[in-house]
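S.K.: Each chain is listed here by its residues.
There are 2 protein chains.
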Amino acid sequence: MVEMEKLQKQGVLLRITATALLILTLLLVRFNTQTKVLFLTLVKKATYRDLDPLFVLVWVDLAAAAYNVVHVLICFFFPIKEELGTIYRSLAWASYLVDQGVVYLVFAANSAATEASLLAVKGSNSFQWMKVCNRFTRFCYQVGGALFCGLLASIVLALVSSLSAYRLFRLYSTKQFLLLKKK
Amino acid sequence: MVEMEKLQKQGVLLRITATALLILTLLLVRFNTQTKVLFLTLVKKATYRDLDPLFVLVWVDLAAAAYNVVHVLICFFFPIKEELGTIYRSLAWASYLVDQGVVYLVFAANSAATEASLLAVKGSNSFQWMKVCNRFTRFCYQVGGALFCGLLASIVLALVSSLSAYRLFRLYSTKQFLLLKKK
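If you're matching them up, the sequences are chains Z and W in order.
Read in our numbering, the first sequence has 155 at position 126, and its numbers run on one by one without any break.
Read in our numbering, the second sequence has 209 at position 180, and its numbers run on one by one without any break.
So here's chain Z without its partners, still in its complex pose:
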């Protein structure tokens, strides 16, 4: 049982790391602006609102960070012991399913933002879309850094979700599908 508590502590540490990375990503994207004089008095300000997927990424990361904080607080203030049986199992299932949803959501938002940013870096010849990053270089580097943090956050969340899977599925028997193991 001591071993299992250590495991739970490591899960909490992973969740805190993921939350920190998610918040770092969203702050880097949210407060990223660059103002440039394009032509005489024509001034253009680049913000995260210029590209929809960056806007979506900020909200998805915020939601994922909030979920992980709530999860850690619940683990801390209302620890559910394994001896509770059905309640423990229901919570393990809920935690596994929500964790899976969160990791796929964050991963999708990050991939979409990365793809849109790549288009901003390279433009598209066939569509006659101009490059944007040759004018807003600092802005683009900061987005790049944020997306890298987002990728790290996704990897940590994938680990968290594997740990949830482990905590859930080890409860079941090796002999029959979804039959509980004897103590």
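Treat the hints with caution; some may be incorrect.
Where chains are identical, the list cannot tell them apart; a pair therefore holds if satisfied intra-copy or between any two copies.
[Said to hold, decoys possible] Result set (DSSO-like, lysine-lysine): computed pairs, CA atoms no more than 27 Å apart in a straight line:
| no. | residue 1 | residue 2 |
| --- | --- | --- |
| 1 | Lys110 | Lys35 |
| 2 | Lys38 | Lys110 |
| 3 | Lys110 | Lys74 |
In short, the hints are calculated from the structure, not lab data.
Knowing the structure of chain Z, use the given hints to seat chain W on it.
M.R.: Quick look at chain W alone, frame taken from chain Z:
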């Protein structure tokens, strides 16, 4: 044990479904073309090569489909019995890790292609990127259908990867971390 063989059969069925959806996606994207006269003699042909993420999606889906076919063939011709212990466990770990990698890769490729296609549908005011889909309507509808199949394939692959997690982690004890369960 009979129950477990049924589970294995369901895993194989899921993998075949995923493979079919992946191949459908890649065929829909790969053989999608539309030719349009833009202005007098200026003819433009839209193909999947016009948008990098569609090109990447075709190759990622091909690789994922090939992996799943190989996995099913191995399960069919060289079934590994659980009694083999270490070999069974190593294979279960390998299968779990590769399945996780494949589902994240397919999911990322699909999200990136979806984001790029959304940009082609809506254009971007701030970047002065033109809409493309008002000219190549049929082409865009077909890409939309392909991306929907790709999303279904991702969901089936996520189920496959959950099943791999279940088959692996049920082998372990509830008491100590990564300690094998007694028979």
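S.K.: Hint by hint, note whether the structure agrees.
M.R.: Checked hints:
1. Taking the closest pair of Cα atoms, Lys110 and Lys35 come within 27 Å of each other only inside a single copy of the chain (14 Å); across copies the shortest separation is 33 Å, beyond that limit.
2. For the identical chains of this complex, Lys38 and Lys110 are intra-copy neighbours only, at 14 Å inside a copy versus 35 Å across copies, given an alpha-carbon limit of 27 Å.
3. Taking CA atoms no more than 27 Å apart as the test, Lys110 paired with Lys74 passes in neither setting, with 53 Å inside one copy and 63 Å between copies.
Hint check: a violation occurs at hint 3 only; the rest are consistent with the structure.
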